[in-house]
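J.: Sequence:
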Amino acid sequence: MPQRLRAVAHSRTGDKGDIYNISVLAYDPKSYARLERHVTAERVKAHFSDLVRGEVVRHALPGLGALNFVMHGALGGGVTRSLALDAHGKCLGSAILDLEIPDDEAPDPAP
Numbered sequence: 015m016p017q018r019l020r021a022v023a024h025s026r027t028g029d030k031g032d033i034y035n036i037s038v039l040a041y042d043p044k045s046y047a048r049l050e051r052h053v054t055a056e057r058v059k060a061h062f063s064d065l066v067r068g069e070v071v072r073h074a075l076p077g078l079g080a081l082n083f084v085m086h087g088a089l090g091g092g093v094t095r096s097l098a099l100d101a102h103g104k105c106l107g108s109a110i111l112d113l114e115i116p117d118d119e120a121p122d123p124a125p
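Those letters in the sequence shown? Residues 15 to 125, per my numbering, in order.
No lab work stands behind these hints: they were computed from the structure.
Treat the hints loosely; a few may be bogus.
Here are the in silico distance ranges between beta carbons for each label pair [as the list claims (entries may be wrong)]:
(1) 64 - 26: 14 to 24 Å
(2) 67 - 15: 27 to 37 Å
(3) 87 - 44: 33 to 43 Å
(4) 20 - 43: 11 to 21 Å
(5) 15 - 87: 32 to 42 Å
(6) 21 - 60: 17 to 27 Å
(7) 67 - 43: 15 to 25 Å
(8) 50 - 112: 29 to 39 Å
(9) 64 - 20: 12 to 22 Å
Since the structure is predicted, the reported quantities are computational estimates derived from the model, not experimental observations.
Ideal placement from N, C-alpha and C gives every residue a C-beta, glycine not left out.
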């Protein structure tokens, strides 16, 4: 049965200009393996399709049990140019945790 990412991980965020960065950190090693299988750059880009205009790059950090996503063209030009209420994108750290991931027996979801 699918569950929300927030059940197995938490997130941290950051920004630099028009580049947004989200790290997803697993609560335990078994959850990290699940994140690696199901939380892809393609799925993250699709999840934020209304916001991200550029490339999404995923960096795996197995020693930390984390995945880091760097999203280009994600903040409307950056803090000094954006008209968004959340120009730094801090609420997106919570939004990624709404991503559904399948259980280990389920097939991988489409991007």
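J.: For each hint, tell me whether it holds in the structure or not.
T.: Here's how the hints hold up against the structure:
no.: 1; hint: 64 - 26: 14 to 24 Å; result: holds, 22 Å
no.: 2; hint: 67 - 15: 27 to 37 Å; result: holds, 34 Å
no.: 3; hint: 87 - 44: 33 to 43 Å; result: holds, 34 Å
no.: 4; hint: 20 - 43: 11 to 21 Å; result: holds, 18 Å
no.: 5; hint: 15 - 87: 32 to 42 Å; result: holds, 35 Å
no.: 6; hint: 21 - 60: 17 to 27 Å; result: holds, 20 Å
no.: 7; hint: 67 - 43: 15 to 25 Å; result: violated, 35 Å
no.: 8; hint: 50 - 112: 29 to 39 Å; result: violated, 19 Å
no.: 9; hint: 64 - 20: 12 to 22 Å; result: holds, 20 Å
Hints 7 and 8 from the earlier list are contradicted by this structure; the remaining hints agree with it.
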